[in-house]
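Peer 1: Single-letter residue listing:
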Amino acid sequence: MSNLEDDLRIALRREEPAADFTERVLARLNQPAPAEPTWLERLAVLMRPPRLQWVAVAMIVSVVIPAATVEYRGERAKQQLLVAMRVTGTKLHQAQRKVVETGRMGTRL
Amino acid sequence: MALPAFADIVREHQGMVFSLAWHYLHDRALAEEMAQEVFLELYRHLGSIQSPEHLVFWLRKVASRKCIDQTRRRAFWPKFGLDDIPEPSAKTRQADPMLSGALAKLVASLPEKARMLVILRYQEDLDPSDIAQVLDMPVGTVKSHLQRALGVLRSKLARTVGEIAL
Amino acid sequence: MKILGGLALFVLIGTAGYGQVLDLKGLEKLAAKASDVTDVTLDGSLLRLAAKFLSADDPDQAKVKKLVAELKGVYVKTYEFAHEGEYSESDIASIRSQLGAPGWSRIVGVKSKKDRDNTEIYLKTGGAEPGGLAIVCTNPKELVVVNIVGKIDLDELSELGDLGVPKIDIEKAKPAKPADKKDND
Chain A
14 MSNLEDDLRI ALRREEPAAD FTERVLARLN QPAPAEPTWL ERLAVLMRPP RLQWVAVAMI
74 VSVVIPAATV EYRGERAKQQ LLVAMRVTGT KLHQAQRKVV ETGRMGTRL
Chain B
3 MALPAFADIV REHQGMVFSL AWHYLHDRAL AEEMAQEVFL ELYRHLGSIQ SPEHLVFWLR
63 KVASRKCIDQ TRRRAFWPKF GLDDIPEPSA KTRQADPMLS GALAKLVASL PEKARMLVIL
123 RYQEDLDPSD IAQVLDMPVG TVKSHLQRAL GVLRSKLART VGEIAL
Chain C
28 MKILGGLALF VLIGTAGYGQ VLDLKGLEKL AAKASDVTDV TLDGSLLRLA AKFLSADDPD
88 QAKVKKLVAE LKGVYVKTYE FAHEGEYSES DIASIRSQLG APGWSRIVGV KSKKDRDNTE
148 IYLKTGGAEP GGLAIVCTNP KELVVVNIVG KIDLDELSEL GDLGVPKIDI EKAKPAKPAD
208 KKDND
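Protein chains in written order, with my numbering: chain A, 14 to 122; chain B, 3 to 168; chain C, 28 to 212.
Calculated from the structure, these hints are not laboratory results. A hint or two may mislead.
Claimed, not checked - Which residues of chain B face chain A? A few of them, derived with a C-beta cut under 10 Å, are:
| no. | residue |
| --- | --- |
| 1 | Gly17 |
| 2 | Val19 |
| 3 | Phe20 |
| 4 | Gln38 |
| 5 | Leu42 |
| 6 | Tyr45 |
| 7 | Phe59 |
| 8 | Ala106 |
| 9 | Leu108 |
| 10 | Ile121 |
| 11 | Tyr124 |
| 12 | Gln125 |
| 13 | Glu126 |
| 14 | Asp129 |
| 15 | Leu152 |
Unchecked claim - With a straight-line cut-off of 25 Å between C-alpha atoms, the simulated PhoX-like cross-links for lysine-lysine are:
| no. | chain 1 | residue 1 | chain 2 | residue 2 |
| --- | --- | --- | --- | --- |
| 16 | B | Lys145 | C | Lys90 |
| 17 | C | Lys92 | C | Lys178 |
| 18 | B | Lys145 | A | Lys111 |
| 19 | B | Lys145 | B | Lys63 |
| 20 | A | Lys111 | B | Lys68 |
| 21 | B | Lys107 | B | Lys68 |
| 22 | A | Lys111 | C | Lys79 |
| 23 | B | Lys115 | C | Lys141 |
| 24 | C | Lys140 | A | Lys111 |
| 25 | A | Lys111 | B | Lys115 |
| 26 | B | Lys115 | B | Lys63 |
| 27 | C | Lys140 | C | Lys79 |
| 28 | B | Lys145 | C | Lys138 |
| 29 | C | Lys90 | B | Lys107 |
| 30 | B | Lys115 | B | Lys145 |
| 31 | B | Lys107 | B | Lys145 |
| 32 | B | Lys63 | B | Lys107 |
| 33 | C | Lys79 | C | Lys92 |
Stated by the list, open to error - Computed footprint of chain A on chain C; a stretch qualifies when at least three of its residues, placed anywhere within it, have a C-beta under 8 Å from a C-beta of chain A:
| no. | stretch |
| --- | --- |
| 34 | 56–65 |
| 35 | 105–111 |
| 36 | 119–131 |
| 37 | 137–149 |
| 38 | 164–173 |
We treat Cβ as the ideally placed atom computed from N, Cα and C, and that holds for glycine.
Chain A on its own, in the form it takes in the complex (with noise of 0.2 Å):
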């Protein structure tokens, strides 16, 4: 007979990641921060050709964004979709696990 509790903390000890894993973290944070661009950037920006700016932009909104709509959307539902058939399996397993404990079936057919 084994202690559960005791095989537990001997899975669950603690392990070391990567030797490197320190200096990952420090690189990450001595990445430059991208440049704000100046007043001088910003005034071309607007400046540009305003046709050719305007339907770019439309083209965005009217593509992108509707498909990254859709995309969370679905992402989200499929989500959703998964955790509804966990908990459906999760009840139907504990169920069958009583049903095989006990070695009874408690309802009618």
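Guided by the hints, dock chains B and C onto chain A, whose structure is given.
Peer 2: Quick look at chains B and C alone, frame taken from chain A:
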């Protein structure tokens, strides 16, 4: 805070943070990435850390939250099956490394909160009231989840390595 | 999503066409008292959208994708409560009443005195294939209700055992008596 001092903090606590993520996610690369995120967030919030004890509490809390959020985002599917755990030829206790591996996988297959509860209890040796503070849950809920999780682990493990007594 | 405690899990799996959608509106008031709630409502286009996003390369998701193909709706409500007594049988009386309607048969009912859990599984019968599946799970601090509507193959369902859906050794549905609500009290 100077980077060398922060590096010392990372080295001191990286095992705890990484292990929380590793035992929870059972994906080494993802666990390292998650652990890095925790320390990057720590760096941004260093001003709010009040003491060494608070630091440990903060790290556990943020690591737990990030792990649970990560699995919810990725719809991490728990594996209830034991197909990848070899069946013993006789119902005798497995050697420790195999038992530990089987147990770790079973823990990683628990539902999100139960999984983190078990890890905080048996990796960090926290008692239920401390776990309740880290996870912002009622102590009674922590205790009942732990009890249920142990029951699940015991019965699943018994199917592969023989009778387990708690 | 929060998960509600002790919610009877009603899973409806319909035979030959649609299973009946349970009216779960009466449970909404429990959300205010619950410490954790899960509320999933997927039907029609949203369910089809979710299925599209399931990965065929992931074996687990592929199994779910196949199972979901014939479903019309998936409804899950779970409630966890910090204390006992936050919900009562009267809160789920209307659901039990719906499951007492003709066509529904309770095929499994297990009670655990130790955990004070009560789990009931219902099938909606009436055709060659089993109909809707309902599962009700109650516990002093947890309530779970799942309603899955649509045509489902019990063999496919039992193949999902590795996903947490157990292999249920249930014979193909026989004509069954309506559920006896009094057994569940």
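Peer 1: Sort out whether Lys138(C) lies within 25 Å of Lys145(B), counting only the CA atoms.
Peer 2: Distance ~21 Å between Lys145(B) and Lys138(C) Cα, so the pair holds.
Peer 1: Would the hint on Leu152(B) stand, with a C-beta cut-off of 10 Å toward chain A?
Peer 2: holds, 6 Å
Peer 1: Hint check: Lys92(C) vs Lys178(C), CA-CA at most 25 Å. Holds or violated?
Peer 2: Holds, because 14 Å separates the two Cα atoms, which is no more than 25 Å.
Peer 1: Was the hint right that Glu126(B) lines chain A, CB cutoff 10 Å?
Peer 2: Holds. Min distance 9 Å.
Peer 1: Given Gln38(B) as an interface hint, is its Cβ closer than 10 Å to any Cβ of chain A?
Peer 2: holds, 5 Å
Peer 1: Holds or violated: are the alpha carbons of Lys140(C) and Lys111(A) at most 25 Å from each other?
Peer 2: holds, 11 Å
Peer 1: Between Lys115(B) and Lys145(B), does the CA-CA distance stay at or below 25 Å?
Peer 2: holds, 12 Å
Peer 1: Return the status of the interface hint for Phe59(B): holds when the least beta-carbon distance to chain A is below 10 Å, violated otherwise.
Peer 2: violated, 17 Å
Peer 1: Given that the stretch 119–131 of chain C was listed as covered by chain A, double-check it with a C-beta distance under 8 Å for 3 or more residues.
Peer 2: violated (count 0)
Peer 1: Hint Val19(B) vs chain A: min CB-CB distance below 10 Å?
Peer 2: Val19(B) check passes; min Cβ-Cβ to chain A is 8 Å, inside 10 Å.
Peer 1: Does Lys107(B) sit within 25 Å of Lys90(C), going by the straight-line distance between their CA atoms?
Peer 2: holds, 21 Å
Peer 1: Is it true that the CA of Lys79(C) sits at most 25 Å from the CA of Lys92(C)?
Peer 2: holds, 8 Å
Violated hints for the displayed structure, listed by number in ascending order: 7, 14, 16, 20, 22, 27, 34, 35, 36.
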